[in-house]
Amino acid sequence: MSGLAVRNEIRRMRQEEPSMTQAELARLCGVTRQTIIALEAEKYSPSLELAFRLARALGRNLEEVFTFEEK
Amino acid sequence: MFLGPDGWLGIDTGPVGAVVLYAALLLLAVHLAKNPEDAFPSDAPPAERQAWVAIVFLLLVAIHWMVFVVGMPTLGAAADEISNPASRRFATKVVLLLIGWAVVAAVLRRRNVDGVELDERDLRIQCSASRTGSGLTALLIVLSIVALATQPDRLAPWLRPLIVANALLGLLVLGTLAENVSVILRYRLAKA
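Protein chains in written order, with this note's numbering: chain S, 1 to 71; chain L, 1 to 192.
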């Protein structure tokens with residue numbers, strides 16, 4: 001269990017949409033821009049609710065944005 | 001102002017020093033209002049900026065408190081009165097500092113263009129920091145109890161109700177200060 005971690009594709013998916021800045025994604029999800037930075041750097045694992053909000057803001061399914069895999 | 005009635009090592013610590021300090025705080029507030037990005041790390045979230053402000057003001061309150069409590073035994077019978085010249089001066093300084101803190105915190109909140117002040121990550125960090133602050137407060141209280149039990153003669157001059165009450169208030173200030181330092185450290189560690 002200790003070798004598994006939540007990984008995400010937030011940065012890549014956000015950069016696919018030029019208008020989706022970190023600030024815009026933060027606004028859509030109701031978090032600070034610094035939390036988006038921490039999420040993209042995989043320094044923070046979001047709550048389930050925030051994970052759903054992120055997926056919705058990026059127009060993806062939860063499983064596309066987040067994976068649970070080996071570090 | 002901090003360590004004596006008029007001067008310390010050639011530095012004016014009396015009324016002029018107080019005016020200089022509060023003028024500097026006012027200038028800081030104005031600076032924060034105009035250039036918050038210059039005053040804090042650019043990657044600092046709003047909650048971390050508020051913690052920096054809290055540390056500055058709590059440090060000043062803690063220094064005032066320390067000077068006041070250490071000087072209380074020398075007040076004689078006045079130390080047993082709630083309102084005496086020293087306590088009034090101390091209360092005035094603390095109230096001014098609290099007002100300054102509220103003003104700077106409000107300015108910072110107004111300058112937050114992102115709109116979100118606290119999110120779930122901030123709350124997690126503050127929750128962890130709160131445990132650190134509570135733990136330190138408990139530790140300080142235990143150390144105080146040990147000191148009272150092992151060195152009653154040495155602490156006798158301080159064993160008066162109002163001095164003990166002020167000392168307990170000071171421990172709460174130190175605990176809150178530790179909590180805010182812990183907030184800063186946790187944000188910094190999260191970025192490392």
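Among the clues, some could well be false.
A few chain S residues that face chain L, going by a derived Cβ cut-off under 10 Å, partial list only [unchecked claim]:
no., residue
1, Arg7
2, Gly30
3, Lys43
Every beta carbon over 10 Å from chain L, so not counted as near; a handful from chain S, in silico [stated by the list, open to error]:
no., residue
4, Gly3
5, Ala5
6, Asn8
7, Ser47
Rather than coming from a laboratory, the hints here were simulated on the basis of the structure. No residue lacks a Cβ here, since even glycine has one placed at the ideal position from N, Cα and C.
Structure-based check of all given hints:
1. Arg7: violated, 17 Å
2. Gly30: Check passed: Cβ of Gly30(S) comes within 6 Å of chain L, closer than 10 Å.
3. Lys43: holds, 6 Å
4. Gly3: holds, 21 Å
5. Ala5: Holds: least Cβ distance 15 Å, greater than 10 Å.
6. Asn8: holds, 14 Å
7. Ser47: violated, 5 Å
This entry does not satisfy hints 1, 7, going by the numbered hints stated previously.
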